[in-house]
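A.B. asks: Below, each chain spelled out in residue letters.
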Amino acid sequence: MWTHRELIKNLVVADFKLKYQNTSLGFFWSLLSPFLLTITLYFVFRNVFHGEQYYALSILVGILAWKFFNVGTMACLYSLVGKANLITKVNIPRKIIVLSAALSNLVTAVLEFIVLLPIIWWFTGHLPATIPLFIVVHFLLLLFIYGIGLIFGALFVYFRDLSSIWEVMLQILIFSSPIFYPLSVISERIKPYYMLNPLTRFIIIYKDIMINGKLPSVSDFLIVIGFVAAALLVGNYFFNRLQRRFAEVM
Amino acid sequence: MDTVIVSNVSKKFKIPHEKKTTLLQNIVGIVKRQFAYEEFWALREVGFSVKNGESLGIIGRNGSGKSTLLKILAGVLYPDSGSITVNGKIACFLELGVGFQYELTAKENVYIYGSILGMSNKEVSRKYNEIFDFAELKKFESMKLKNFSSGMYVRLAFATAVHANPNIMLIDEVFAVGDEPFQKKCAEKMLEFRKQGKTIVFVSHALNAVQSLCPRCLLLNNGRVASMGDTEKVINDYHAMLSDGAHA
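Protein sequences, first through last, are from chains A and B.
Every letter in the first sequence is one number past the one before it in the working numbering, and letter 49, counting from 1, is 49.
To convert, take the position in the second sequence, counting from 1, and add 1000; that gives the working numbering.
I should point out that these hints are in silico values taken from the structure, not numbers from a laboratory.
Cβ coordinates follow ideal geometry from the N, Cα and C atoms, glycine included.
Possibly wrong hints are sitting among the right ones.
Computed footprint of chain A on chain B, listed as stretches where at least three residues anywhere in the stretch have a Cβ under 8 Å from a Cβ of chain A [claimed, not checked]:
1) 1021 to 1034
2) 1068 to 1080
3) 1221 to 1227
Partner residues aside, some chain B positions facing chain A, computed with beta carbon under 10 Å [to be verified]:
4) Phe1013
5) Leu1104
6) Tyr1111
7) Ile1112
8) Gly1114
9) Asp1179
10) Gln1183
Each computed BS3-like pair below joins lysine-lysine, with the alpha-carbon atoms no more than 30 Å apart [stated by the list, open to error]:
11) A:Lys83 <-> B:Lys1122
12) B:Lys1189 <-> B:Lys1144
13) B:Lys1032 <-> A:Lys83
Chain A extracted, bound-state conformation (with noise of 0.2 Å):
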């Protein structure tokens, strides 16, 4: 991978030349609807939780985090059948494409996040010490979105209904992650089953650390971490067993 580095950097400039340069706000347009949804949100849900401190800020961190890993993976899930012809006309190792097309989100994630921090500055009045740790973070959430979609994207070159599968889990992802009601809320007996979603510690992280001004404890960060090797671990596998009827098969 190291020595294709300069490859990888040219897809990913390409890719994200491509997505925004036929929008006059470019990259703006992609904070239009995590804002938007983020102001529903709020006025459905303010009344139920009105405790809350800084609600409407906890939901945007939630829903940015979420955008961060539902667009990375179905990027990732697109990346290998949308760049067919660099499968079955090349040479180069596959899982360069779907790490580019990982990266690509990345960089749209990090832009988001650093126009998060002035609002975090508007509403709770100073920017935590925590908050350059969401570069940790996002690198971890980089690596279990590049594992996730080193699986999905070599599933889908075989079974193209996966898209819309994925799309439902996505879906249920939000309401089953702590993006807008806290944790709290979280019966005891299901509690269990329900920190099994690697998402909602990402997700409990990000608010700790962007808002709170609270470390991450270290059972949970390494539980993440757990989280991360995993995924990258069952990704190689599975892609690496996949990769070999590719060509055959696009």
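We have chain A already, so just place chain B on it with the hints.
C.D. replies: Just chain B now, with coordinates in the frame of chain A:
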């Protein structure tokens, strides 16, 4: 020294009676037990080697396995049995302009295509003027590719490809495009590569092109090596095979 060694390579394609492209179809297939497929051996026990600096031609009828063999050499397809050894930097031209983006400029595309062919950005920058002079497109470097004619497109792709400078080149009939002067330019470039001592594997239906470029040749028939050796002899075998086929 042998640069490319192919030993005992076989490749089987499974062609299902009903192609299933979704999870749903597969589940239905399991329930109804519809998994019948035809086996098609595209290559059977193919073996040969190419020496460093040698040009090998591969000829044969449609469906004889030429392209499959080239794709296996390129590493795009994996053989079911047998092995392939390649010593050196390999570049395959199964198609020109792989990865070209219509919405980007010629300049941006040259960098992308260059890196796909294994060039560093620095290398592309160094050869940048050469590439555009060769393509005769210097005036259009900041034009978007979607506004290019197909001739310009091919020239740009070819110019980038020939500057990638690999040791081993795998060439499908891609260079049989463009108008006559351009084809002539391609042919000259190929001869130049040969003189520079590059290893070339060339698949073509144009027998005179094979004859002028490759001293040695391989004839495939139904996935097997039917004949190998001097190009002249192999082409004679090919003609004999074709006329046999016509009588049968």
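A.B. asks: Confirm or reject the coverage of the segment 1068 to 1080 of chain B by chain A under the rule of 3 or more residues with a beta carbon closer than 8 Å to the chain's beta carbons.
C.D. replies: holds (count 6)
A.B. asks: The hint names aspartate 1179 of chain B as touching chain A; please verify it with the least Cβ-Cβ distance against 10 Å.
C.D. replies: violated, 23 Å
A.B. asks: Less than 10 Å between beta-carbons is the criterion; does phenylalanine 1013 of chain B satisfy it with respect to chain A?
C.D. replies: holds, 7 Å
A.B. asks: Hint validation: leucine 1104 of chain B versus chain A, beta carbon distance must be below 10 Å. Holds or violated?
C.D. replies: holds, 6 Å
A.B. asks: Can we keep the isoleucine 1112 of chain B interface hint, with Cβ of chain A closer than 10 Å?
C.D. replies: holds, 5 Å
A.B. asks: Checking hints one by one. Is glutamine 1183 of chain B an interface residue toward chain A, by the C-beta closer than 10 Å rule?
C.D. replies: violated, 21 Å
A.B. asks: Hint validation: tyrosine 1111 of chain B versus chain A, beta carbon distance must be below 10 Å. Holds or violated?
C.D. replies: Holds: closest Cβ of chain A sits about 6 Å from tyrosine 1111 of chain B, inside 10 Å.
A.B. asks: Grab the minimum C-beta distance from glycine 1114 of chain B to chain A and call the hint holds if it beats 10 Å, violated otherwise.
C.D. replies: Status holds, d = 8 Å.
A.B. asks: Does lysine 1122 of chain B lie within 30 Å of lysine 83 of chain A when you go C-alpha to C-alpha?
C.D. replies: The hint holds at about 25 Å.
A.B. asks: CA of lysine 1032 of chain B to CA of lysine 83 of chain A, is that 30 Å or under?
C.D. replies: Judged against 30 Å, a Cα distance of about 34 Å means the pair is violated.
A.B. asks: Does the structure keep lysine 1189 of chain B and lysine 1144 of chain B at a Cα separation of 30 Å or less?
C.D. replies: holds, 27 Å
A.B. asks: Given that the segment 1021 to 1034 of chain B was listed as covered by chain A, double-check it with a C-beta distance under 8 Å for 3 or more residues.
C.D. replies: Our answer is that it holds, as 5 residues pass the Cβ test (under 8 Å) against chain A, meeting three.
The structure does not agree with the numbered hints 3, 9, 10 and 13 stated previously, though it agrees with the rest.
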